[in-house]
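All chains, please: the whole structure from these sequences, using the hints.
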Amino acid sequence: MSRWGIVSTIKAPPSEILDFVAYHLDLGADHMFIYLDNQNPRAEAALQTHPRVTVTRTDGDYWKAQTIKKPARHQPRQTANASHAYRRAHGLDWLAHIDVDEFLCPADRSVGALLGALPRDMVCARVRPAETLATDGVAGLDPNATYCKAWMPGDESRITLEKELYPNFGGYIRSGFVSHVVGKIFIRTGLENLDFRIHRGMQDKQEIGPRTVLGGIDLCHRHIPSWDTWQKIMDYRMTKGSYRSELKPTRKPELGGLSLNELFSFLLQDGGKDALRAFFDEVCLARPELLQKLRENGLLRVYHLDAATKRKKHFPEFE
2 MSRWGIVSTI KAPPSEILDF VAYHLDLGAD HMFIYLDNQN PRAEAALQTH PRVTVTRTDG
62 DYWKAQTIKK PARHQPRQTA NASHAYRRAH GLDWLAHIDV DEFLCPADRS VGALLGALPR
122 DMVCARVRPA ETLATDGVAG LDPNATYCKA WMPGDESRIT LEKELYPNFG GYIRSGFVSH
182 VVGKIFIRTG LENLDFRIHR GMQDKQEIGP RTVLGGIDLC HRHIPSWDTW QKIMDYRMTK
242 GSYRSELKPT RKPELGGLSL NELFSFLLQD GGKDALRAFF DEVCLARPEL LQKLRENGLL
302 RVYHLDAATK RKKHFPEFE
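Going by the working numbering, the first residue of the sequence shown is number 2, and it counts up by one from there.
Don't read these hints as lab results, they were simulated from the structure. Heads up, some of the hints might be wrong.
In silico BS3-like pairs for lysine-lysine, Cα to Cα no more than 27 Å straight-line [as the list claims (entries may be wrong)]:
(1) LYS12 - LYS311
(2) LYS311 - LYS71
(3) LYS12 - LYS71
(4) LYS65 - LYS241
(5) LYS233 - LYS274
Next up, the structure:
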């Protein structure tokens with residue numbers, strides 16, 4: 002059985018931060034390193050009370066103590082903080098770098114058991130993502146469940162299935178995912194000169210290895226909770242986040258792939274928000290026909306995260 006932990010850099014409401022932390026503490030995380038990317042006194046005060054949490058407010062004094070200038074963009078801040086936590090992860094065998102909207106979901110074995118079963122020379126284990134589907138106005142669904150579409154292996158061989166699942170938009174983006182398709186990683190502790198990246202680990206400017214995909218577990222990514230939420234964060238993601246123009250397509254252009262920036266820019270220019278809404282309804286919504294097709298192809302995941310209840314368990318004084 003391996004001892005494992007999580008590092009995350011977060012800018013979110015206090016309840017969302019504590020939901021994320023409590024869920025993973027309840028899952029068995031031995032320690033969590035939370036870096037607050039802005040002033041959040043309520044979250045900081047609550048997290049400081051838990052013995053299995055180290056909370057760091059990344060203010061001016063924190064960045065002055067680092068060997069780099071505070072990065073202007075949040076992605077380099079995330080990787081710098083993750084690397085900082087890695088050097089402090091004493092007593093842990095593995096450390097994962099994930100975000101506040103990502104939840105580890107093992108099937109039938111504990112995370113510690115899955116990691117403990119890996120060969121001793123394995124230094125990196127990737128967890129494949131499962132992207133949530135919004136439930137806006139869809140009748141007959143379990144209100145306590147989180148519905149997800151699972152990552153689809155292959156590329157050319159999967160385009161036909163993608164087009165069956167998403168008749169108008171299948172084939173442009175891999176797995177029908179609006180977020181990342183590569184997942185996130187655990188890195189075995191104790192490596193010298195280790196630096197985290199968002200989706201990989203680097204050692205002396207080379208990607209670490211040997212690497213494997215961790216079976217029996219998904220990374221539930223709550224990327225698009227609802228249409229309204231997506232609209233509020235669209236501009237930010239297009240300019241600074243996961244839809245920015247410099248990011249490459251998840252599928253090769255010669256196979257018909259488009260970057261998310263290209264796809265959403267085209268939809269907005271061609272048909273405005275109505276076109277974007279049509280994309281959302283087909284690709285991001287838990288419509289019954291999509292759920293059925295996902296189920297038939299072994300790609301439907303249904304989780305009961307129950308994060309709010311776990312927050313009350315681990316942070317009973319928080320209101």
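Inset, instruction - Could you grab the alpha-carbon distance between LYS233 and LYS274 and see if it respects the 27 Å cut-off? - result: Distance of about 13 Å is within 27 Å: holds.
Legend entry - Given hint LYS71 paired with LYS311 - CA-CA distance at most 27 Å: violated, 34 Å
Inset, instruction - For the pair supplied as a hint, LYS12 and LYS311, confirm whether the alpha-carbon distance does not exceed 27 Å. - result: holds, 20 Å
Inset, instruction - Assess, step by step, whether the Cα of LYS65 is no farther than 27 Å from the Cα of LYS241, and give holds or violated. - result: holds, 24 Å
Inset, instruction - Assess, step by step, whether the Cα of LYS12 is no farther than 27 Å from the Cα of LYS71, and give holds or violated. - result: Satisfied, since the Cα-Cα distance of roughly 16 Å is no more than 27 Å.
This entry does not satisfy hint 2, going by the numbered hints stated previously; all others are met.
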